[in-house]
Every structure is written in C-alpha cells, then in structure tokens.
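Protein chains in written order, with the numbering used here: chain A, 1 to 333; chain B, 1001 to 1333; chain C, 2001 to 2290; chain D, 3001 to 3506.
None of these hints come from the bench; they were simulated from the model. Even for Gly, the Cβ is constructed at its ideal location relative to N, Cα and C. Errors might be hidden in some of the hints.
What the hints assert, rightly or not - Derived SDA-like pairs: lysine to any residue, alpha-carbon spacing no greater than 25 angstroms straight-line:
{"hint": "1", "chain 1": "C", "residue 1": "Lys2027", "chain 2": "A", "residue 2": "Ser304"}
{"hint": "2", "chain 1": "C", "residue 1": "Lys2060", "chain 2": "B", "residue 2": "Met1099"}
{"hint": "3", "chain 1": "C", "residue 1": "Lys2080", "chain 2": "B", "residue 2": "Leu1164"}
{"hint": "4", "chain 1": "C", "residue 1": "Lys2003", "chain 2": "B", "residue 2": "Ser1047"}
{"hint": "5", "chain 1": "C", "residue 1": "Lys2061", "chain 2": "B", "residue 2": "Thr1151"}
{"hint": "6", "chain 1": "A", "residue 1": "Lys152", "chain 2": "C", "residue 2": "Glu2261"}
{"hint": "7", "chain 1": "B", "residue 1": "Lys1152", "chain 2": "B", "residue 2": "Ile1105"}
{"hint": "8", "chain 1": "C", "residue 1": "Lys2003", "chain 2": "B", "residue 2": "Pro1041"}
{"hint": "9", "chain 1": "C", "residue 1": "Lys2061", "chain 2": "B", "residue 2": "Arg1125"}
{"hint": "10", "chain 1": "C", "residue 1": "Lys2190", "chain 2": "A", "residue 2": "Pro41"}
{"hint": "11", "chain 1": "C", "residue 1": "Lys2080", "chain 2": "B", "residue 2": "Thr1046"}
{"hint": "12", "chain 1": "C", "residue 1": "Lys2208", "chain 2": "A", "residue 2": "Leu170"}
{"hint": "13", "chain 1": "C", "residue 1": "Lys2227", "chain 2": "A", "residue 2": "Leu170"}
{"hint": "14", "chain 1": "A", "residue 1": "Lys127", "chain 2": "D", "residue 2": "Arg3140"}
{"hint": "15", "chain 1": "C", "residue 1": "Lys2154", "chain 2": "B", "residue 2": "Leu1303"}
{"hint": "16", "chain 1": "D", "residue 1": "Lys3339", "chain 2": "D", "residue 2": "Glu3435"}
{"hint": "17", "chain 1": "D", "residue 1": "Lys3200", "chain 2": "D", "residue 2": "Thr3232"}
{"hint": "18", "chain 1": "B", "residue 1": "Lys1152", "chain 2": "C", "residue 2": "Gly2095"}
{"hint": "19", "chain 1": "C", "residue 1": "Lys2027", "chain 2": "C", "residue 2": "Lys2212"}
{"hint": "20", "chain 1": "C", "residue 1": "Lys2061", "chain 2": "B", "residue 2": "Ile1105"}
{"hint": "21", "chain 1": "C", "residue 1": "Lys2154", "chain 2": "A", "residue 2": "Ser304"}
{"hint": "22", "chain 1": "B", "residue 1": "Lys1127", "chain 2": "B", "residue 2": "Leu1203"}
{"hint": "23", "chain 1": "C", "residue 1": "Lys2061", "chain 2": "C", "residue 2": "Ser2072"}
{"hint": "24", "chain 1": "C", "residue 1": "Lys2276", "chain 2": "C", "residue 2": "Glu2261"}
{"hint": "25", "chain 1": "A", "residue 1": "Lys152", "chain 2": "C", "residue 2": "Gly2233"}
{"hint": "26", "chain 1": "C", "residue 1": "Lys2259", "chain 2": "C", "residue 2": "Asp2042"}
Claimed, not checked - Covered by chain A, according to a simulated footprint, are these stretches of chain D (three or more residues, beta-carbon under 8 angstroms):
{"hint": "27", "segment": "3323 to 3333"}
{"hint": "28", "segment": "3339 to 3345"}
{"hint": "29", "segment": "3469 to 3476"}
Stated by the list, open to error - Covered stretches of chain A (chain B as the covering partner; in silico rule of three or more C-beta atoms under 8 angstroms from a C-beta of chain B):
{"hint": "30", "segment": "114 to 128"}
{"hint": "31", "segment": "132 to 140"}
{"hint": "32", "segment": "143 to 151"}
{"hint": "33", "segment": "235 to 247"}
{"hint": "34", "segment": "307 to 321"}
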Amino acid sequence: MTATPAATGALSRLKASGAHQKILAFASLIVLLVFFSLASPNFLQTSNILAILQATSVNGVLAIAATLVIITGGIDLSVGTLMTFCAVIAGVVLTFWGMALPFGIIAAIAAGTFCGFISGSLIARMKIPPFIATLGMMLILKGLSLVISGTKPIYFNDTPSFPLISTGSLIGSFIPALPVPNGVLILFVLALVISWVLSRTTLGRYCFALGSNEEAVRLSGVNADAWKVAIYALAGGICGIAGLLIASRLNSAQPALGLGYELDAIAAVVIGGTSLAGGRGSILGTIIGALIMSVLLNGLRILSVAQEWQTVVTGLIIIAAVYADMLRRRRAG
Amino acid sequence: MTATPAATGALSRLKASGAHQKILAFASLIVLLVFFSLASPNFLQTSNILAILQATSVNGVLAIAATLVIITGGIDLSVGTLMTFCAVIAGVVLTFWGMALPFGIIAAIAAGTFCGFISGSLIARMKIPPFIATLGMMLILKGLSLVISGTKPIYFNDTPSFPLISTGSLIGSFIPALPVPNGVLILFVLALVISWVLSRTTLGRYCFALGSNEEAVRLSGVNADAWKVAIYALAGGICGIAGLLIASRLNSAQPALGLGYELDAIAAVVIGGTSLAGGRGSILGTIIGALIMSVLLNGLRILSVAQEWQTVVTGLIIIAAVYADMLRRRRAG
Amino acid sequence: QDKLYIPLISKGFQHQFWQAVKAGADKAAAELGVEVTFEGPDTEAQVDRQIDMLAAALAKKPAAIGFAALDSQAAIPLLKQAQEAGIPVIAFDSGVDSDIPVATAATDNLAAAALAADKMAEMIGGSGKVALVVHDQTSRTGIDRRDGFVNRMKEAHPEVEIVDIQYGAGDQLQSTEIAKAILTAHSDLKGMFGANEGSAIGVVNAKKELGKTDLVVIGYDSGAAQKAAIMDGTMAGAITQNPVGIGYETVKAAVAAAKGEAVSKSIDTGFFYYDKSTIDAPEIAAVLYD
Amino acid sequence: MTNVIEMEAIEKRFPGVHALRSARFDLCAGEVHALMGENGAGKSTLMKILSGIYAPDSGSIRVNGQEVRIDGPRAAQGLGIGIIHQELALMPDLTVAQNIFIGREPRSRWGVLNEAQLNRDAEAIFAVMKVPMDPRAEVRSLTIAKQQMVEIAKALSFRSRILIMDEPTAALNDAETNELFAIIRRLKSEGVAIVYISHKMDEIRRISDRVTVMRDGAYVGTVAAADTPIETIIAMMVGRALDHAEVAIPDLSAAPVALSVRGLTRGRMVRDVSFDLRAGEILGFAGLMGAGRTEVARVIFGADPREAGEIAVHGTPRDIRSPKDAVAAGIGYLSEDRKHFGLALGLDVRSNIALTSLPRFTDRIGRVDDAELGRVAQDYIRTLAIRTPSDRQEVRLLSGGNQQKVVIAKWLLRDCDILIFDEPTRGIDVGAKAEIYRLLQSLAAAGKAIIVISSELPEVLRLSHRIAVMCEGRLTGILPGGPGTSQQEIMRLATYRDAAQEGAIA
Ligand SMILES: Nc1ncnc2c1ncn2[C@@H]1O[C@H](COP(=O)(O)OP(=O)(O)OP(=O)(O)O)[C@@H](O)[C@H]1O
Ligand SMILES: Nc1ncnc2c1ncn2[C@@H]1O[C@H](COP(=O)(O)OP(=O)(O)OP(=O)(O)O)[C@@H](O)[C@H]1O
Ligand SMILES: [Mg+2]
Ligand SMILES: [Mg+2]
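Assemble the whole structure, with the sequences as input and the hints as a guide.
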C-alpha cells in the first residue's frame, strides 16, 4: 500500500513542525486509556471521564505551580501545605469574617502569592537552598493552618455559592451535554495561561534561562534575584487557586490536609518530561503527567485491584511511562 | 591577653586543616542543646539524651544512605519504604520461616542491596531520572511490603534476641554507667565506616566525581554506570540496616510505615550542608543534620509546646540553622 | 507543689476525632486542676514516631500517662520503663496487650462496626452489593472497623455482598475519588460504609457529585459535615463513639491512679448509632462533636 | 615514516548537521600534525571519533595498520590514544590531582586510595611541565587557564603514544604556550604522535610538521608546514585570501571620557587600579595569566564586590554593586569563561542572544516579540557567520568557536556604550577573528568605548589604541598602541614586580 502524496506531505509537515512529537508524548496516556477501556466497560463513561478530570484538577494546578519552580532549577515542597493554608485563609475571610465571595478568592490567592514571595526571597536573597527554604515553609504553613483554624475544618456554609467554584459547571450551563466541572475548566484555562506565560513572556524566558545557567543570567545584567522571587510568588498564587479548588470541592478548609501532595505534584511534573535539573519543561507535559497519574489510580480502583497491588502497579507504570517517553525522545533525537 | 605561641600554632594548624570549620558546623546544634538545657531541667538527663540518640538512629542511618546518593547528584525517595521492605523480609525469614537470627540480618541487608541495585540499574543503564526511578521503587516496595506481610505487622516473638540489635547495649555491658543502645552504636560505627569509604576508597572518589561532572568521568574512561549502580546498591544495603534497626526497636515489621521518611532523611542531609546538586557533602554534616532534627523535636516536646506550634518552630529553625551555616561558610570563604 | 502533669500520647492529632478526645481531656484537666498535653503522629502508620513521643513524655517525669497504642507490642519496653518508674499508664481508644495499663478507656470498634453492618443490611433490604471506604489498612482501628463490618455481614446477612474495600488514609479528597471509582465500577451498589470521618465525608461527596440519590451511606464518628449530611439525608446514619468521654475518663483515671486511688480496670465509653431521628436526643447530642 | 593512524571516509551526521563528509586523516609516529579549519569544520568531531566518544556512521579507522572499532574512551586509552578536550571536561569539586588520575588512582594494600602517592604523582607531572600548581587545590577555584593546564597534565599522565590536543592553548598566554611547546617537542622526540588543533596561525608554523585542512566536514588537503605560507593555509581553510589591516589609531584627545576608574581595589587580585577610557577608544589589557585583568573587569562590572575605588561613567560617579547596575550604566562584560558565565547551554541560540536585551523586545504586558527576536538573531547569525542549522538550535550542540560567537552577539545586541571583552576570540577561527576585529573597530568608530583583555599579544597589538599592562593585580603601565610598541616592552611591564614604582602608571 502506498500513501497518497497529500498524506505523505501532511505527515512530513507534521514531522517538521515537531507536532508529531507532542502527540507521541501522549502515548503512555493513550495506552492506559485504551487498556482500561477494554478491561472495564465502566471506565469509558462520560461520568467517569469527568470524575478523572475532576480528580486531576487539584494535583494538576499544584503541578503547574511546581513546574514553574522546577524549570528555574528549584523545587517547591510547600505546594501542598500552602494550598491548605490558602484554603484556611479563604475560610477565615468568608466564614469567620463573613465577607463576600470575591474577597475570599482574592485573599486566598494573595496569601499564596505572599507565601511564594517569602519562599522566593529566602531562596534568591538569602541564598537558602530551595529544598530547605520550601521544606521550612511546608512545616510553617502546616502548623499555621492548624493554629489559624483552631485545628478544626472551616465550613463554607455561609457562602452557598462557594462549592460552585469547583463543582459547578459553566460549560454545562451552555452545553448541557458537556457538564465539565468548573474545577476542570479552571485547570485547563490556567494551563493555557501559564503555557503562554512560559513561551511568550519575559518571565517565562527568565524561568528557562535561570534554570539553564543562573550565573550567566546574572552576568547578563538581569536582576536574576527579583525574577526568581517573582516566579516563586506566581507559583504561590497558583497554589492559592488550588486551595480554592480543594476547599470548594470539600466545601470546607481541612487544615490537616496537604502533606504528601507535594510529591504527587512533583511526580506529575517529572513524568511530564520536565527535568529536575532545570532549564527545560512544559505545561503540556505536566498536564499529561497529572492525567497519567489520575487515570492510573482511577482505572485500578475501577478494576477493584487490591490496594497494595495498586501501589505496586502504579510504581511500575510510572517507571515504564517515563522510560517509554525517553526512548521516544532519544529516537526523535 | 596574648595566646601562648604553642596555642596559636595549634590554632592555626587547626585552621589550615579546615577542622575549625567542621567544629563550627556544630554551632546550631550546640545552640539548640544549650537552649533546651536552660529551658527545661528534664532535657539534659542521661535517659533523655539517650532517647534523642535512639530517635536519631533510624533517620540517621537512612540519611547516610541518602547522602551517598545525593553526593552523586542523584536522589533516593525509596529509602523509607525500602527500610520497611527490608524489615518485612527479616520478618519473613525469622518469623514465617523460623530461621536463625544471622539469616534474618543477612536477608534484610541483601534485600536492601538488591533493591538498590535495581534502582541503580534503572538510573544508570536505562537512564531513568533518579527521582522517577526511586519514586517508582518507593511505591513498588510500599505495595510489596503490604503484600508480603499480609498487611499485618510481623512480630519477632520467636527470636527473643532480635530487639537487642537496637535496644540492647553492648557498651553498657562493659561500662554500666553508659548504657548507649546498640542502635546508636550502629549509627556511629556506620557513619565512621561510610566516612572512610567516601574519603579513602575508589567508590567514594567516584561518588564525588559523578556528582561533580558525570560526563567528565565517562570521558575519562571510567565505567561510570557500573559505579553508579554500586553506589545505589550500597545505599540500599544501608537501608537494610535501617530496616533491622526499626524492626528491632519495634520488635515488629510494620508494613505500612516508611512513607514520608525519605523527606526527613533528605532534610538531614541538606541541613548537614550536602548540596542536592551533587559533588560535595559529608557524613559528619549529615549526622549533625539528623541530630538537629531530633534534638529540636525532643526539646519542643519536653517544653510541652503545642503540637501545631512545634511544626511551625521546626520549620523556622531548619531555615535559620541552614542560613547560619551558610553565613559561616561565606565568611570562612 | 506543681500541678500534676499528665501527657496523653494518642494515635493522631489533626483529625476531628482526636481533637474531640483532646477536648474531653482538657475538660477533665480543668475540672481536676491538672496539666495535660496531647500529642500524636501524623498518620497511624508511624509507630516509631509515637514511641519517640512516649520517650519524650517519660523524660518529663509525669504523674501518669495516657496512651493510645498504635502497636501495643512495640511500646512494651517503654511501658515497662514507665512501670519501673512508678508512672501509671492508662490505655485509651484501644487496649494494650499487656497488664501494665492500670485502666483502659476504649470503644469496642469491632462491635460498633458490626452494628453499622446490621443497620446497613436492614436499610438495603437484606441483600445487595455494598462497599467500604476505610481510612487505614494496617492500623488497629482500621482493621477492627473493617473486620467488624465484614464479619458481621458474612455471619448475619449472607445475602449482602461486599464487592470492594479500599483505603483513603482518612483524606477527604482521596476518599472522594476512591468512592467515585467504586460507584462507577459497581453501578448497582446499594450501600457504602465510611469507616471514619474523612472516609464517610468522602463517600458523601462522591454520592453528591455522581447524583446517586439511592445509595445508602453509613458513616462513623461525627463532625459538622457528617451531622449536616445526616440532617439533609445524604447519609442514613452513623456510628459515634464517645471521644470526649474517652479523653475525659482517661484523665480522670490517670489522676486517680497517680494519687494511688483504685481505678476500674476497664472503662467502656460506649458507642451509639444515630440518624436524623435520634441526632438531637440528649444522650447522642452529648457525645457528638463538630 | 609509518602511519600510526589512518582514518578514511568518515561520515558523521547529527540531527540537522552533516558534520563529517567522507573525512580522512592520517598521522605518523613522531610527528606533530596540525588539524585546521574554520569553526564548525568538524575538527573536534573527527577527533572525538578517534578517541571513542562518538561512533562514526561509516568509514574505517586503522591504528598501526590494524582496522579497529573504538567504542569508548577506555578502548581509545587501550590503543594508546589520549585527548585533551576543547571544552574542559573536569570535575570542579575534586582536586587537581584527583582529576588527573580519575579512574587510575594509585592504591595501597586493601584497595585503599593512596592520596599521598596521588599528589606526588601529580606534582611530578607539573614539575616536568614546569607549571607551578598545587595538586591539592580544588579545580573549581582555578582560572580557566589553570584548568586548561590540568587537562594537559591529565592527557600527559596517560603516556599515550597518540596525543590529541584540541585547542590546548586557547586559554594560555605566550609563556605558558612556550612551556607547552617544549613539552610537545620532548614528546615528539620520544616518538609520540600528536594531533594539534588550534586557531592561532603562528603556532602552526612553530610546532607542526604537517597540516591537514578541513572545510565543511570534508578533507581539503595535507601540506608540509615548513614550506607552505600561512596565507595558503588560510586560503585552504576559508576558500579565499584574507587581507591584513594594521591598526589605525584615531586622535581621541577631544573625545569625552566614557569610563573613569580610580583606585579600584579588591584583595590581592586588584590593587589600586586607575585608568580612563575614552569614547571611541579600544584599550587593550595585557598581562600574564593571573595578572588580575579578569578580576578588574569583574569588579568594574559589579560581578565581584569592590573594596575600594570609584567608577565614573560619562563623568557621573556610579555605585555599581551588581551586573544589573553595570548594564544599567551602559557597561557590558563578555566573560572569558563562556560555558559557566556566558551561555545558557540548554537554551537555543535565539534565547541566548536575547538574554541581555529581553526588556527591549517586551511590551507593556510582558509579552516578548518573538518574531522580531528571531529576525535579529538571524541577522547576527549572518553577520558573525555562526554555523548553526537554525536560531532554534541548542547552544550546547554548537562547536566551541560558534558558541563564542553567540556570546559576542549577545553583547552586540545589548548595545552598551562601554564594552569589556575578556578573551573575545578564544577558539575563533582566523576568518571570523578578522571579522570580529573589524566589528570592534567599527564599534569604536561609532563612539563605543571598548576594553579588550587578551592573552595573545599579537591580538592586543593588532587591536588596541592604547595598551594597559597588569602584573599581580597592579596596573604597571599604559603604552601607546600601534607598531611603535614592541612585545618586549609589554613583557617588561607584565613582569614589573616592583611595588614602589607606582609612577609608571600613566
Ligand atoms: N552533539 C552534536 N549534536 C549536533 N550537532 C553537533 C554536535 N557536535 C557537533 N555538532 C555540529 O557539528 C559541526 C562540527 O563541529 P565541531 O565541534 O567538530 O567543529 P570544530 O571544527 O571543532 O569547530 P571549532 O573550531 O569551533 O571548535 C558543527 O556544526 C557543530 O554544530
Ligand atoms: N574564583 C577564584 N578563586 C580563587 N582564585 C581565583 C579565582 N579567580 C581568580 N583567581 C586567582 O586570581 C588571580 C587573578 O586571576 P584573573 O583571572 O583575574 O587573571 P587574568 O589576568 O585575567 O588572567 P587570565 O589570563 O587567566 O585571564 C589568579 O591568580 C587566579 O588564580
Ligand atoms: Mg572544536
Ligand atoms: Mg582572565
């Protein structure tokens, strides 16, 4: 069989543009999707797909924040507890102080940005290694969340529209057949925005440049420290969004939650092909990484695989997915 | 006041040898010790000091394993669950199969070495990033520990001498006034041995060389991959020792334990001044780092600081300790 | 003379259940004029962390100790140390396999979960599929509540099929995702049991998000969200222990033991099943917490 | 003479680059064989194939008449082939001696490392090289030149029968080069065959027996060094003859002072350095390795803290505390160490060129005008003849000389009034060098003030309007540029150690 010239042309154009690479990056994800669809008739239902997307939203948003920091060659261990802290702040503003919804949203994002600013300052100005600065932040924020909330969940019962942030469906109200929860919408919009920031703005350029060679950036006369602080602050703000998502989904700020979420977020980033050494990475990859993780978990749960085996299989598949992706890249050169 | 010439001479020799730097590295630790001793009369009791050391033993051993890997520029997230896995293997050999104590010890260390070998091979031969390879291992081992143990603790009641590995006191049997538990003895002996390995053997040399510039090592005709595998295997074996320590301390292999311990181990390493970028680091630093963490926790508990504030204070002090250490180094040049 | 000092080493700290135990302990402390501290590890897997906490507590030379053992065997050496130092130990929440504790203030989790199983079977009409979301696969409370429920079903309600048991670490988000997956896999599921507060709220969230209005949900413990779910009907009912009572009785017994008074060996703090109709009954309302 | 190496029909392709096209090369025992060619001609690639780092796509390699496959550095070492890499391949956290003997550490019984022996062995090598070097020093703390010396010592330590030197003198000054040449002559007399790659044309005549020229990955020809004029070799390399221009010194007496430095001090490296630089002037900085020229530049640029001294730009005193301040004041600095301080190796050519000038391509909402950036980058790729498949190629994958051109482009784009070029032509081929000289001159003609630090005296003489000479952190004198000044005069000041004679400062 011979391909038509047109098809070959399209294929080679696709090749030249590097787009086929990006499509191939989905390979592991698609293999998983196909496997689970065949293994269980319940997997490929709309409601389950939406459940998977919904389950990705919080980890996905955290992973986007982590991606920014990791591209600069840093690491942020505080994403999980910062998310919780922001949720608690929203609870304080909305429930304790009884203010209107927009103030709660602004407060959560501002709190995240501020904490990111602090982490960034510790790292850029005081030269504390990112691992330590954000580990410290992680513990401080974990403690503060408990202190501020009085170690009790804060419920948003006075703000009836609060759960809609995550579980309402803006798309569904226009296209009833597609009741995509707002949480998922927010994840994808955020992914687009941050992708754009990374590829099209000065901040994005400096992210990659800092991760590639910080000293060279500094010697180029760039205020490297200030940009680094800005990047951490942006990542913090994104954690604030994650805090709103999780609080709205649970209709409460759970002060004890968040520990361990940082590893999931970083794992999504690294599965997505971003290097922990800095200088390279993409939001698309991170989203794929986060999806791989939630599809895997959801699929194994649907198949009622015993939990201990779920863990084993997840470990194996994470390694296999990354290995497959690396083989693909090596072949692509 | 003028120093005697002899004293000045000794001082400058000390300075030249860099030893004064290392002594200064204790600074944060000593500040903490002095503070807690003044704050609570219960702190500086022999029994409490021994309790602190005992509490350091497991994390200290894990941190030694992590140090080796981190010096090569890698990371090992699986130390915690590998420890548990090795404890479970010891349980299988000693309790399920009823074999004699030495076999249990050998089996645990062999299991650790083998798992380290696998991680190392994934990293060195299949070029999977250390973060992913060891994250995968962490999950696989967590699952396998549950599977093998039947999700139940395995008790070592058939091996009455087993608890002595950690809680007996060899030193105490010679010097009754100094009932240092064997677990602590093992930690310090291991620290000495691995310090020696790092500074005096080929393996140690290649640890630093790989972390400093892996490509250069390869270009020098060294079989970089084989050495890397060996280093991960050694680290795995050390986790096996940690597994024996914790199992013997708890007189049981607790299959669900271990998650989160990797962060504590890595934190001890980084607080001890080893760079996550690889190429530099010391076991002495790691031990100090591990001690700082356990002194802090113990002291705050002794002062009856509320648990949520304990976390906050721990975070602050970790940041402060590392910052102080960095200032000192910067001044030392 | 200083106030008597009594540390309570619990299995957890952040969860509402443990905060309620703490509240009870604080109440007793205030009434009896003693000083109480309350500590517990982050997860119920961290047996060794709990041992470290116990060691630090012993260093403070307390008048008595309250202890909720994650693994009783692992703690024996330290408990012996306490005994030698003449420090009485009160076990709470679950027992310690040893004769060292002078008293035990605990809930019979096996029996409580069995009660939940009976209620579940009754509400789904004696047959059909049910599933469990449990908080922990290896901890005593997790195992007892699971086994209590499962065994009772097998013995007394053979028509009821348990199709899935999964574990969500008591994390509400994770439990929600788990419950959703189970509901997707078993669309004819009739009932679900959430074995602690976080698990139960997870099941409730999943039911709401998937719109499974027919699903019978039975929870465990209380808390504002769970109470609200019972009031609006998403949750049929729940088992409650008496955490405030556990904390209160533990401290009371500890003070008595420290003063050398006699204490009864076993203090059953009891458990109840409650639903919309009984939630406001005084004996129930007394043991619920927000 | 017998050929110890015969390489024939070697093909090598990288994605987007056909690096070697049926290249060939042979080498006799006891000869020094120069390998010449423009940046990116494929010299390093060919030698990496010979030393087992790359596998050729096709072609044959014979060593001592035997057809061989060299599948790794170890295999090459086994065949007696040693290489000094163009891009330094050292482990910065290890000491000098540890670097030299990596993989071949002397051991005592029980396999324990014998550190004393290691240091003694290293000391012995440096003694033979007549280079003062502490074998216990951490490589990280060494200057590029010293690191280069470590690489050379490492290659010598192998006692290879075939030694490849890929631009060993790129970071060395004349004195050190002379030492190296003495070593090369001695090795030659012992029958060692040496491949010598360099862009310094004068060295070719001094040291080599035969010259092989490559162009665009292909073999051009092999000639005897002694009876081939340099011009012929250059013509073979670039495909045309180059013209030789003498420096024309403009009259700058009326030009305003662009940069005024007074009493600049930092530790022992920079001691009380004062000078003026006028707009339109090229001030050369000469000196031996470690004279402190780089330090002066870094202090002026704010990369290192200044202990004392004032810096005025266009007559206004400026408190420069960081490179950001310097660039804001209109000062640019091209570092001598492109790999560590000049380039983000993982990024593409375009991003690297843009690194200093991003704000200029950014609109109010922080959006970067990528199309415009691309156009500008293409421009520089054309003017500087940067050999790269596109402006989207990662800089890491360019040849050494082309990387250097990217750093130059970066600073040209920034358009600073005052430019400090530290070793700007390190590793750049003759053709491009002439291009860069022309460029510097036209920049000066356009009113820029330029400092050129160079370890090549001919380059300093060829370019400078005035020549500042440093020795041990002091400015020992400023000489007029042009043919009036001789190399001897510069050398006299460069070794002028008497601290009392500060009056020599012009
Ligand atoms: N790993 C690689 N991947 C892609 N292209 C490469 C790689 N290595 C070299 N090249 C390309 O191959 C060509 C030859 O490079 P090489 O390093 O051999 O040049 P060279 O003659 O040594 O130049 P220079 O004088 O600048 O050192 C260049 O165009 C370079 O960009
Ligand atoms: N980072 C550093 N750490 C320790 N010593 C250094 C460092 N940088 C430079 N030096 C030392 O400072 C002295 C001056 O170095 P500098 O690079 O300024 O000299 P230079 O005149 O530019 O010489 P070169 O020809 O090597 O560029 C040298 O002796 C060098 O070894
Ligand atoms: Mg080259
Ligand atoms: Mg220099």
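- Query: Going back to the hint list, which numbers does this structure go against?
  - Reply: 1, 2, 5, 6, 9, 13, 15, 19, 20, 24, 26, 29, 33
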